[in-house]
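**Q** Each chain, letter by letter, is given below.
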Amino acid sequence: MTHDDKIAELKKQMSEILEISESNLETVNMSDIAEYDSMGKINVSLIIEELFEYEIDFDTLDSAKNFSGICDILAAKV
Amino acid sequence: MKIIANYTYLPSSKIDVLDLISAKGNVLDLDASKMVKNTGFNSLARVQNTSTDNFIKLSAEIFLDQYNDSDLRVDNIIVVTQSYEQRLPNISSTLQGLLKLPTSTFCVDIVDGCNGFIRALTIANKISEPGMRTLIVGGDVYSPMTRRAELSTDILFGDGYSFTIVEQDSEPFKSKIMTDGTRGDFINASYRENVLNMNGVGVFLFTNTEIPKLVKSLDWELDPGNGLNTYYALHQASKLIVNQLSKKLKLDNAEVPFFSCSEIGNLGPGSIGAWISTNSSKLDTKANLTCFGYGAGLSWGVASLQMDLKQNGVQYIDA
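Chains A and B, in that order, give the protein sequences.
Just so we're aligned, residue 1 is where the first sequence starts under the numbering used here, counting upward by one.
Just so we're aligned, residue 1001 is where the second sequence starts under the numbering used here, counting upward by one.
Note that these hints are calculated values from the structure, not bench results.
Each hint should be verified, as a subset may be incorrect.
Label-pair distances were calculated between CB atoms; the ranges are [as the list claims (entries may be wrong)]: (1) A/T2 <-> B/D1019: 46 to 54 Å; (2) B/N1042 <-> A/I17: 32 to 40 Å; (3) B/L1218 <-> A/S23: 25 to 33 Å; (4) A/S23 <-> B/G1227: 57 to 65 Å; (5) B/D1016 <-> A/E22: 35 to 43 Å; (6) A/G69 <-> B/N1054: 47 to 55 Å; (7) A/I17 <-> B/T1285: 37 to 45 Å; (8) B/L1151 <-> A/I17: 19 to 27 Å; (9) A/E22 <-> B/K1126: 50 to 58 Å; (10) B/D1029 <-> A/I17: 17 to 25 Å; (11) A/A34 <-> B/N1194: 30 to 38 Å; (12) A/S23 <-> B/Q1048: 50 to 58 Å; (13) B/S1012 <-> A/E22: 49 to 57 Å.
Below, simulated EDC-like cross-link-like pairs (lysine to aspartate or glutamate); rule was C-alpha separation at most 20 Å, straight line [claimed, not checked]: (14) A/K77 <-> B/E1210; (15) A/K77 <-> A/D32; (16) B/K1213 <-> A/D37; (17) B/K1213 <-> A/E53; (18) B/K1248 <-> A/E49; (19) B/K1213 <-> A/D72; (20) B/K1100 <-> B/E1061; (21) B/K1248 <-> A/D57; (22) B/K1250 <-> B/D1219; (23) B/K1247 <-> A/E53; (24) B/K1239 <-> A/E49; (25) B/K1250 <-> A/D72; (26) B/K1037 <-> A/E26; (27) B/K1216 <-> A/D72; (28) B/K1213 <-> A/E49; (29) B/K1034 <-> A/D59; (30) A/K12 <-> A/E49; (31) B/K1248 <-> A/E53; (32) B/K1247 <-> A/E50; (33) B/K1247 <-> A/E55; (34) A/K11 <-> A/D72; (35) B/K1037 <-> A/E35; (36) B/K1247 <-> A/E49; (37) B/K1213 <-> A/E35; (38) B/K1034 <-> A/E35; (39) B/K1034 <-> A/E53; (40) B/K1002 <-> B/E1210.
For each residue, glycine too, the CB sits at the ideal point set by N, CA and C.
Model the full structure from these sequences, guided by the hints.
**A** Structure below.
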């Protein structure tokens, strides 16, 4: 799976667990997604770990303000 | 070193977590069910109206009754708790008197959380000559600290204590304890405010990363391969983290569940003792035991020892 494939899969899975459409996920701030609470963040971290074999820490995850921010982190770290 | 006895003392009263969520939070039923499913805690052991100090005293009275006087030979007492109300005297000294132990008994209290059981085992090993026994009392009465905490914290913690006796022998004891004070604010409570604050996501991510790293760094095998079964006792923080770690570390406990405190709650330094007690009918009495702790500090650790359990069980106290 290429990096782009993994990003596409991440978007799909995040959209499912956060109960938001993929197009909306690309535009909204993470803080505006109701399901991006403690459990939402933990689930996103587990998806990232599974897809990218990268264990994200709290400060890094929390620094991402939107989906694009998460992608930037993954591009830099993975 | 080996564990020869282990009792867990819990208040007879419990609180249903769904009721707690309903009473405290403005949460939809579906979300409440999700919360319970993720934490794994259906109900929490909660004292009605008693302090840590008093609950330990009540536990000690029953412990003394359960233990035949001639068998209760203890050289050291280590109490691990964070929720004490009485500053002086320390609880271990009070226990020396209550348990009618000799004045030569070495008594020490440690203020520590969910890695406290591993730390106490490590200290017991360091201070014991072969044949010496240490009573480790671990746990907390958390409810006064969680009552005003965020709902997501309140639904995790129970009240109770484990009383574990370890005996030093010639069998190897291995442990490794780590600390990262820079992330200490992830779990905190001040004496004055007495409210437990927790960054649940931060703690989960730290545990999910650091425990596997720690295991990789060990210079001993988690399963010594000595012919005895090896059980893995993980601090019962929540079903989510326990299942995640056991899966990630590829641990195998055969028929014994990794998470077994769904009707108790997280007892902090008492949770591994509670796991041993709640699985008393499933565990071989003679076995290897590898324990994992992780929590306040932040601190995390692992300890491998043996069990030769003569006594083990759960006792409920009207308190």
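**Q** Which hints, by number, does the structure contradict?
**A** 2, 3, 15, 16, 19, 25, 26, 27, 29, 37, 39, 40
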